Amino acid sequence: MPFKIIASQCTSCSACEPECPNVAISEKGGTFVIDPKKCTECVGHFDEPQCVAVCPVDNTCVLDTSLPRYQARA
Amino acid sequence: MNVSALDEASSAGSAVDIGKVMQIAARKGCGRSGGGKASCGSQAGQGDLPTEIWEKVKNHPCYSEAAHHHYARMHVAVAPACNMQCNYCNRKYDCANESRPGVVSEKLTPEQAAKNVLAVASTIPQMTVLGIAGPGDPLANPKKTFKTFELVAKAAPDIKLCLSTNGLMLPDHVDTIARFKIDHVTITINMVDPEIGAKIYPWIFYNHKRYTGLEAAKILNERQLKGLEMLTERGILCKINSVMIPGINDQHLVKVNKAIKSRGAFLHNIMPLISAPEHGTEFGLNGQRGPTAQELKALQDACEGEMNLMRHCRQCRADAVGLLGEDRSAEFTTEKVMAMDVKYDLPMRKAYQAKIEQERVAKLAGKQEEIVELASKMSDIKPMVAVATKGAGVINEHFGHAKEFQVYELSTTGAKFVGHRRVDHYCRGGCGEEERLATVISAINDCHAVLVAKIGGCPKSNLLKAGIEPVDQYAHEFIEKSAIAWFKSYLEKVQSGEIQHTERGEAAIRQGALIPAA
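Chains as they are written, first to last, in the numbering used here: chain S, 1 to 74; chain X, 1001 to 1518.
Please keep in mind that the hints were generated in silico from the structure rather than gathered at the bench. Computed from a predicted model, the values in this text were never measured in an experiment. Don't take every hint at face value.
Stated by the list, open to error - Some, not all, of what chain S presents toward chain X, calculated at C-beta under 7 Å:
| hint | residue |
| --- | --- |
| 1 | S8 |
| 2 | N22 |
| 3 | F46 |
| 4 | A53 |
| 5 | V54 |
The C-beta atom is built at its ideal place from N, Cα and C for all residues, glycine as well.
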């Protein structure tokens, strides 16, 4: 399952946008959103999801439980 | 501004009709109250500064106390992202120590910011400095930060460029900073001991990883000190900001002061923690208090022997515009700026600034006269006075309209600027309120007198009851000259036995929003 940004908590600080290795994050309607098709949970790139690590508000970048976990291609 | 540009500025006065320029400037809303005599802050002149450094700081309001009465700065909020968390900052709002919390600044693109700078520079000719200070960290947004500097340097080459950073990414950008001729950099350093740092910084984001606790503080400390060394090696002036957090780093800041001095920092700015619970910061929510005015002054005094101390910091927003302590950013919203027809008038700016320099010379002369007479007096007492001023180094504000008071400490060596106190102005809609007056008095409770342009009968009697002498006889005169004149008459009264000198009590530092709602 990819990560998603809880819009009501997003400060729109833009810190996550350049950190995403998949360029999955963009600004939309004043806050930032993650494109679930592009998000790989940073698997294969970094030890921890970058958006979660840099976000100034706890529990704002969270796993979208409505979607399946990302599977790294073999 | 480089030295040759300054020379041009000082000689521009002869080529351009100063009176006309002043009229234009006044119409544009930046008129200065003329006619008065004033004096300036403790470092009114070059003093023992080398000429090359004096040229860099003499019209920078943050780096020179004397300049801050005359010259304005502006910040542009092009850097929203940050790479760490501080316990005195709540990122859901603007940074509580540098901005008014609860109001989200208008974010600007570099292009919008550059246009904004030109609009302000044309309207406020005494605006000499552009700073990028956030609302996040400028070096966590390097592309936007340096693009803004590039655009401004091209369009308005006389404006000084300045940035303020937490230092985490500083070593990576020092060469770019030097290349862009950014000759003033502020680093916020609150500790040189990771054990203390761990109590201030819950985490940092560095090399694609979130670090916490001691490890985070250790990395931060190393990066900050390395960045400072790299800057001073290249001759870039560095100011160090430290937030004084009682019980956590208050005593430790003496050690920080030594560490930054030995690495060539130019100025140390020790600021009081702001931690009102409504700001929602970790410290605010946990009941961590800020220092009293006395605690702050004692620490600043303890560090002063080591290096220059900044005492005139207003802890301004990342989008503030105007003289320190004033905010005219509401006049320059993106919407308004985009509608403006901006023409950058460099000769007008230079001529206006040359006039300011003439006034500064006059102020200094006025102070010197008073000091010569003071030299014959013998006394150890050091009373403090609060001054109501709108700027230009003149006592030109009504007591009831003052949004802040500047505080001067007097001794037989002269008048020394030791701080300022923000207040809610007491007089609203013509009549003052008792409650507000009480908070004004508590803010200047350590002062023996308050020098004002004018004051009503009611506050006058309440001030007298609180033991603070209201003085309006120096209305529209230079601050330092007047403060010294007051001190001389005070000393005479003490020596003749007419009054008895007593120490004053503690004063409170205001915790609310730093800049009132526009």
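Hints not upheld, ascending by number: The structure conflicts with hints 1 and 2, although it agrees with all the remaining ones.
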